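If you read the sequence shown in our numbering, its first letter stands for residue 1, the second for the next number, and so on.
Hints in this document: simulated from the structure, not taken from any laboratory. One should not assume that every hint holds.
[Claimed, not checked] Computed Cβ-Cβ distance ranges for the label pairs, DEER-style: (1) R161 <-> E54: 38 to 44 Å; (2) D42 <-> P162: 35 to 41 Å; (3) T87 <-> D42: 21 to 27 Å; (4) A120 <-> D50: 33 to 39 Å; (5) G55 <-> A158: 35 to 41 Å; (6) E16 <-> T140: 23 to 29 Å; (7) W21 <-> P94: 34 to 40 Å; (8) I60 <-> S164: 30 to 36 Å; (9) E99 <-> A139: 35 to 41 Å.
[Unchecked claim] DSS-like cross-link-like pairs, simulated, lysine-lysine; straight-line CA separation at most 25 Å: (10) K12 <-> K27; (11) K79 <-> K122; (12) K79 <-> K95; (13) K12 <-> K95; (14) K95 <-> K27.
Predicted, not measured: the structure shown is a model, and the values here were computed from it. For glycine and all other residues, C-beta sits at the position ideal for the given N, C-alpha and C.
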Amino acid sequence: MELAVAGLFRAKWTAEIHDEWIWNVLKNRSDLTEAQLHRTRDLMNAAVLDCLVEGYEELIPALTLPDADDRHVLAAAIKSGADAIVTFNRRDFPKAVLENYDIELQHPDTFIQHQMGLDAAKVGDRGSEVSRPPQEPPATVEEYLERLEARSLPLTVAELRPYSALL
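Take these sequences, add in the hints, and give me the full structure.
Structure (structure tokens):
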């Protein structure tokens, strides 16, 4: 989100994608409410210009993926002209299928690393903002980097670590 807000790339998602992540968060985080997550969804939509993809539904029946429930993601990517689908879920988006639509699959860690290559200062600046969220007590830079590493983002941590003093 921080990188999209900074204008480093054009983030795209759908109401259905929001429904999925909200459902998964509620399933795994009993401390959060649906109302809180709907507020987060609304803030995401407001923060990123032209992020909601609509009118992709008609493409879904013609798409084939290992998990049919993921076809809406590919349909939205096609409709929006996306260059990449960024997801941890690599097995359900085969390269051979995505190549038909000139769409690349990227792990979030690889995606962030590519963003660092394009504008390391801006990525580092956004990392600085994230490392100091309004929480009690605030996370240290090392705690922030440890959280990123725990979330399967070791390349991102390796890229950010040299900038620790600036974060």
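Taking the hints in turn, this is what the structure says about them:
A hinted range of 38 to 44 Å for the beta carbons of R161 and E54 is consistent with their spacing of about 40 Å. At about 36 Å, the CB distance of D42 to P162 agrees with the hint of 35 to 41 Å. Take T87 and D42: their Cβ atoms lie about 23 Å apart, and the range 21 to 27 Å holds. The hinted range of 33 to 39 Å is not satisfied by A120 and D50, whose Cβ atoms lie roughly 26 Å apart.
About 40 Å separates the C-beta atoms of G55 and A158, a value consistent with the hinted range of 35 to 41 Å. Our hint of 23 to 29 Å for E16 and T140 is violated, since their Cβ atoms are close to 37 Å apart. Under the hint 34 to 40 Å, the C-beta atoms of W21 and P94, about 22 Å apart, miss the expected range. Separated by about 44 Å at the C-beta atoms, I60 and S164 break the suggested range of 30 to 36 Å.
Our hint of 35 to 41 Å for E99 and A139 holds, since their Cβ atoms are close to 40 Å apart. Distance check on the hinted pair: K12 and K27 sit about 24 Å apart at the alpha-carbon level, within 25 Å; holds. Restraint check for K79 and K122: the C-alpha separation of about 29 Å exceeds 25 Å, so the hint is violated. Between K79 and K95 the CA atoms are separated by roughly 18 Å; this keeps the pair inside 25 Å, and the hint holds.
Pair hint K12 plus K95 holds up; C-alpha atoms about 20 Å apart against a cutoff of 25 Å. Between K95 and K27, the direct Cα distance comes to roughly 30 Å. Violation of the 25 Å bound is thereby established for this hinted pair.
Comparing the model with each numbered hint stated earlier shows that hints 4, 6, 7, 8, 11 and 14 do not hold.
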